[in-house]
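Chains S and R supply the protein sequences, listed in that same order. Just so you know, the working numbering puts the end of the first sequence at 215, numbered straight through with nothing missing. Just so you know, the working numbering puts the end of the second sequence at 215, numbered straight through with nothing missing.
Bear in mind the hints are in silico, worked out from the structure with no lab data behind them. There may be inaccurate statements among the hints.
Identical chains share a label here; the pair holds if one copy fits it or two copies do between them.
Here are the computed lysine to any residue pairs in the SDA-like style, where the Cα-Cα straight-line distance is at most 25 Å [said to hold, decoys possible]: (1) Lys81 with Ala93; (2) Lys84 with Val66; (3) Lys139 with Pro127; (4) Lys139 with Ala43; (5) Lys139 with Gly42; (6) Lys125 with Gly178; (7) Lys84 with Ser46; (8) Lys139 with Asn48; (9) Lys81 with Ala185; (10) Lys139 with Ser46; (11) Lys139 with Val54.
For clarity, every value in this text was computed on a predicted model and none was experimentally measured.
2 protein chains.
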Amino acid sequence: MTMELHCFGESGNAYKAALALELSGLDWEPVFVDFFGGAARSDNFRALNVMGEAPVLVDGDVTLTQSGVIQHYVTEKTGKFGGATQDEAREVLRWVLWDNHKLSSQAGMTRFLMNFLPEDKRPAEVIGFMQGRLKAAYGTLDAHLAGRDWIVGDGVTNADLSCCGYLFYPEPFGFDRAEWANIDRWLSNIEGLPGWKHPYDLMPGSPADRA
Amino acid sequence: MTMELHCFGESGNAYKAALALELSGLDWEPVFVDFFGGAARSDNFRALNVMGEAPVLVDGDVTLTQSGVIQHYVTEKTGKFGGATQDEAREVLRWVLWDNHKLSSQAGMTRFLMNFLPEDKRPAEVIGFMQGRLKAAYGTLDAHLAGRDWIVGDGVTNADLSCCGYLFYPEPFGFDRAEWANIDRWLSNIEGLPGWKHPYDLMPGSPADRA
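Looking at chain S on its own, in the form it has when it is part of the complex (with noise of 0.2 Å):
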């Protein structure tokens, strides 16, 4: 049976699931949440995932949700992503776990607030101290990556698939690639493995279609 991802474009956490099963060669596909439309505070789409958030993996009896968890599956059926080592493993979950923490959780909210909200609902205060803090993140992962293409080891995991989560997007939150060398690059390591796609080229739903 296909897998079925519930997920919806604009969302980066979507994403980290959806890039490792693509990555992957899994098979799978995309269920599109009407997030803007209110589908993920449905009691429906609670009853699926009691913290109401997108993604969502289905596959038969198994029900997922966390991008890291979706992620750790894939690792699991393929072997791929979850580093070559122990030692790699505790790396890559150091890393999503840290991407949980300050840099896809903030980027996402962030994003949120500068693009998503009415303008004259935007919190100020709030986008200006989320960037101060997101500045000292991508400083934070820029020097890790000084002299590295990739987050652990010598091939990509899901320590990049997490972190990268964010970071293509167009709409503006205060990130831009090009003042960050180290990220920069990884970012065109990233985009050149076979199969990657963009977000909104990935999962269904983009600003776009609400223009």
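For chain S, the structure is supplied; the task is to place chain R on it using the hints.
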């Protein structure tokens, strides 16, 4: 050799790791990080952890950062707290990631802003915004805990030891356990575990030291 956890009492993220170590029965000792004296920003500490964060666990040749990685290492060593089945292990990771994304990350930051910044530097709009986000997170956790003693399965796991990270602290950040009946009951279950300690009893450093 005794494992060393670089930590400080005010850090709920360090507490998550310290509590897993303590409850597991492993031999460990805390090494005080003078976070409020700027130690985490020092070159020495950055060499230990490019992320500039506590906790850091040093176990002989192994150096680990991110509380969730240290918790997982405790599980590798002892078989404890990881969930009883593969399904439970995935569910544990799901809640650890959610905690990093939605609960401890935001609770820790909000508590810092409200308590550890000088009064005239506390950003009111940011604090109000974060308290709103946190209220949604408490609601998610409380709904999940309805009819459950533990977040996953029939006993304590890293999911519990992660999500409780900031919830025992006395400093105000907009959380009152009396308002969340299921969370309150669950926190009592954790407090009742043999060997449980409050963060200020488990790790060196507390606001009292700077008073």
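Hint by hint, here is what the structure shows:
1. With identical chains, the CA atoms of Lys81 and Ala93 are at most 25 Å apart both within one copy (15 Å) and between copies (15 Å).
2. In this assembly of identical chains, the alpha carbons of Lys84 and Val66 lie at most 25 Å apart whether taken from the same copy (20 Å) or from different copies (24 Å).
3. In this assembly of identical chains, Lys139 and Pro127 lie within 25 Å of each other by CA distance both inside one copy and across copies; the values are 18 Å within and 18 Å between.
4. With identical chains, the CA atoms of Lys139 and Ala43 are at most 25 Å apart between copies only, with a shortest distance of 20 Å across copies and 32 Å within one.
5. In the homo-oligomer, the alpha carbons of Lys139 and Gly42 lie at most 25 Å apart only across protomers (19 Å), although the nearest pairing inside one protomer, at 31 Å, exceeds that limit.
6. In this assembly of identical chains, the alpha carbons of Lys125 and Gly178 lie at most 25 Å apart whether taken from the same copy (18 Å) or from different copies (23 Å).
7. Taking CA atoms no more than 25 Å apart as the test, Lys84 paired with Ser46 passes in neither setting, with 34 Å inside one copy and 36 Å between copies.
8. Proximity of Lys139 to Asn48 under the C-alpha cut-off of 25 Å is restricted to the inter-copy arrangement: shortest distance 22 Å between copies versus 37 Å within a copy.
9. Taking CA atoms no more than 25 Å apart as the test, Lys81 paired with Ala185 passes in neither setting, with 34 Å inside one copy and 39 Å between copies.
10. In this homomeric assembly, Lys139 and Ser46 come within 25 Å of each other (Cα to Cα) only across copies, at 18 Å, whereas the closest approach inside a single copy is 35 Å.
11. Taking the shortest Cα distances, Lys139 and Val54 sit within 25 Å of each other only across copies (15 Å), while inside one copy they are farther apart (32 Å).
Of the numbered hints stated above, those contradicted by the structure are hints 7 and 9, listed in ascending order.
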